[in-house]
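Engineer: Model the placement of chain G on the given structure of chain Y, informed by the hints.
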Amino acid sequence: MSDPDPSRPATRTGPLADETAVVAAAISGDRSAFARLMEHYQGACYGLAWRLLGDRDLAADATQDAFIHAYDHLGAYRGGAFRSWLMRITANAAYDILRRSQRRPTTTLPDPEAGEADIPDPFGVNPVVESARSELYRALDAALRLLPEEQRTAVILADVYGMDYQEVSVVIHSPVGTVKSRIHRGRLRLRELLADQRELFER
Amino acid sequence: MTMMFSAAHPDPERLAALAGADVDALADRELTTHVKGCVACDRQVRELGAMHTALADLPDLTPSRPLQFLPPAAEPARPAGWRLVFRRAFAPVAVVGLALVLVGGLGASGQFGTDPAGVFQQIVGGASGGAPAEAPAVDTSGTRPVDGGDGAGLLPQTPDQDFETESTGSEPATDRGEVQTLAATTLSWVYVVATGLGLLVLAFVLWVAGKPARLAAWR
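Each protein sequence line maps, in turn, to chains Y and G. Each residue of the first sequence is one higher than the one before, starting from 1 at the first, in the numbering used here. Each residue of the second sequence is one higher than the one before, starting from 1001 at the first, in the numbering used here.
Derived from the structure by calculation, the hints contain no laboratory data. Hints may contain errors.
[As the list claims (entries may be wrong)] Here are some of the chain G residues that sit facing chain Y, going by a computed Cβ distance under 8 angstroms: (1) Pro1012; (2) Ala1016; (3) Ala1019; (4) Asp1042; (5) Ala1050; (6) Met1051; (7) His1052; (8) Leu1058; (9) Pro1059; (10) Asp1060; (11) Thr1062; (12) Pro1063; (13) Ser1064.
[Said to hold, decoys possible] With the Cβ distance kept under 7 angstroms, some of the chain G side facing chain Y (calculated, not the full set): (14) Glu1013; (15) Asp1028; (16) Leu1048; (17) Ala1054; (18) Leu1055; (19) Val1093.
Even for Gly, the Cβ is constructed at its ideal location relative to N, Cα and C.
Bound conformation, chain Y alone:
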């Protein structure tokens, strides 16, 4: 696994070059192989969890929960993109935490409108790469946080992480029709929120 080129913006984590073999080794009980997969995909899982939860610690907890669940259920992996499988598990873990935090609101999520938005820099410690794309991503993440939670969850799962309606429906325990409606309304609301920053999309 090579280090990302610091001069280029971070993007989506792609599959490992020898992912099929690594996954097979992990399924057969090789813990170091599983640890390698987790190390590789932790940014992807953490990103999804953070976008759903809006809190670093909760996102780290959700990611850890997802890793443990994945480790316990490796036998249920039936091929296909390992990243997608892991993303579904992470979405479930994050959504569970979201539900729990709403039932017991002892942990207050930061209010994005109160100026406490804690949006991580997707480019890590490389401020040099702050660019138009970076600005766009920051604007999108900030706008996502302003969406009503139900719409935000649906939009993140479908539009950001590419899940289909059925997959989103399973994660959030809602009918497909409801999922569609939330996604579409979320997109419209997002467009309104980004109305003043349209130039970012034209660069």
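Structural biologist: Same frame as chain Y, now just chain G:
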């Protein structure tokens, strides 16, 4: 581009679906035809489409602190095979042993009289609230009672009475028979107590043998 249709604009949610390449929306001819001919709707779909593309490009994020894979803590070693059998056998053996010691102790002290059947009668009678079974009385003139009262369970205090030589009448013979019955009954209760104690010892052994995890944890 000019507006070619004066019909009402479609539901914005349909436009959002179209921007997201929703299959149903793409197959909706009326919708797609309208958008092609409507500047406002076309612009809206383009903007939504650009936003949709940008969302799909959002990068992964770096955790504020590196996450380490922590495999689930190993479960405490479960007793396997014979250890499991020992562990499961401990409780019933201990309960039975304790019950035998208690019942045998009460029986040996004469609580149930000299008639073994009285045990059942007393237990059932006591449990059902009825009167306890009547303990057999022993006519022991000149002796202390063998059961009941304050002398419960004691043998007749007739040291000079020779059962072997003085069994000429019907009364001495009856006394001898009663005493023998009493002695035999008491001995039976002693056996019961001894069996109970044995089971308690066995239960202790089972408890020790079935606890390897605790010993391992001390290391």
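Engineer: Hint by hint, say whether it matches the structure.
Structural biologist: Comparing the hints with the structure gives:
1. Pro1012: holds (5 angstroms)
2. Ala1016: Holds: closest Cβ of chain Y sits about 4 angstroms from Ala1016/G, inside 8 angstroms.
3. Ala1019: holds (7 angstroms)
4. Asp1042: violated (14 angstroms)
5. Ala1050: Hint holds; Ala1050/G Cβ to chain Y Cβ min 4 angstroms, cut 8 angstroms.
6. Met1051: holds (6 angstroms)
7. His1052: Constraint on His1052/G satisfied, holds at 6 angstroms.
8. Leu1058: holds (5 angstroms)
9. Pro1059: holds (4 angstroms)
10. Asp1060: holds (4 angstroms)
11. Thr1062: Where the cut-off is 8 angstroms and the nearest Cβ of chain Y is about 5 angstroms from Thr1062/G, the hint holds.
12. Pro1063: holds (5 angstroms)
13. Ser1064: holds (5 angstroms)
14. Glu1013: holds (4 angstroms)
15. Asp1028: violated (13 angstroms)
16. Leu1048: holds (6 angstroms)
17. Ala1054: holds (6 angstroms)
18. Leu1055: holds (4 angstroms)
19. Val1093: violated (37 angstroms)
Violated hints, in rising order: 4, 15, 19; the structure is consistent with all others.
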